[in-house]
Amino acid sequence: MDGGLRVTDRWVVPDAELRERFSRSSGPGGQGVNTTDSRVELSFDLAASPGIPDRLRARALDRLAGRLVDGVLTVTASEHRAQLANREAARERLAVLLREAIAPPPKPRRATRPSRAAKERRLAEKKRQSQRKRDRRVDGD
Numbered sequence: 001m002d003g004g005l006r007v008t009d010r011w012v013v014p015d016a017e018l019r020e021r022f023s024r025s026s027g028p029g030g031q032g033v034n035t036t037d038s039r040v041e042l043s044f045d046l047a048a049s050p051g052i053p054d055r056l057r058a059r060a061l062d063r064l065a066g067r068l069v070d071g072v073l074t075v076t077a078s079e080h081r082a083q084l085a086n087r088e089a090a091r092e093r094l095a096v097l098l099r100e101a102i103a104p105p106p107k108p109r110r111a112t113r114p115s116r117a118a119k120e121r122r123l124a125e126k127k128r129q130s131q132r133k134r135d136r137r138v139d140g141d
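Position one of the sequence shown corresponds to residue 1 (the numbering used here), numbered consecutively onward.
Read the hints as simulated data drawn from the structure, not as lab findings. Note that the coordinates shown come from a computational prediction; the quantities given were computed from them, not determined experimentally. We treat Cβ as the ideally placed atom computed from N, Cα and C, and that holds for glycine. A few of these clues could be false.
[Unchecked claim] Label-pair restraints from in silico Cβ distances:
1. 93 with 131: 47 to 57 Å
2. 24 with 67: 43 to 53 Å
3. 82 with 47: 39 to 49 Å
4. 115 with 14: 53 to 63 Å
5. 3 with 48: 35 to 45 Å
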């Protein structure tokens with residue numbers, strides 16, 4: 001956990017910009033559940049971070065707007081009983097969130113129309129299906 005959080009090949013969030021808080025985790029855990037602070041909250045101030053380029057910051061702030069509180073992105077992990085495992089899980093979760101948030105937007109979809117052959121295949125299949133259902137009918141006579 002030294003050297004920072006690697007988000008992409010070019011962008012590493014320094015450990016100094018990450019804030020960790022520990023608290024007691026809920027759920028099963030035996031006698032140690034009431035004494036061990038194994039739950040991890042990992043916070044990163046996305047809006048004030050000097051390490052991210054402005055255009056990527058704008059994209060990330062826009063995409064993560066629903067998860068941010070005053071420009072700070074917080075991730076929690078409590079699925080493991082060990083604090084160290086939860087720290088690693090929270091760091092990985094934060095890296096994935098940031099990676100997805102700064103990814104370039106997808107290429108716009110080009111509108112296409114079905115070909116004439118595709119339309120004919122669809123209509124032929126509809127006729128076959130209706131004939132199949134007609135053949136299954138029992139006449140009243």
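(message) Please check whether residue 24 and residue 67 have a Cβ separation lying inside 43 to 53 Å.
(response) violated, 24 Å
(message) Please check whether residue 3 and residue 48 have a Cβ separation lying inside 35 to 45 Å.
(response) violated, 21 Å
(request) With 47 to 57 Å as the target window, see if residue 93 and residue 131 comply at their CB atoms. (result) holds, 55 Å
(request) Mind checking the hinted window 53 to 63 Å against the Cβ distance between residue 115 and residue 14? (result) Holds - the Cβ-Cβ distance for residue 115 and residue 14, about 54 Å, lies within 53 to 63 Å.
(message) Range first: 39 to 49 Å. Now tell me if the beta carbons of residue 82 and residue 47 are that far apart.
(response) Taking Cβ atoms as reference, residue 82 and residue 47 lie about 32 Å apart, which means the hint is violated.
Violated hints, listed in ascending order, are 2, 3 and 5; each of the other numbered hints is respected by the structure.
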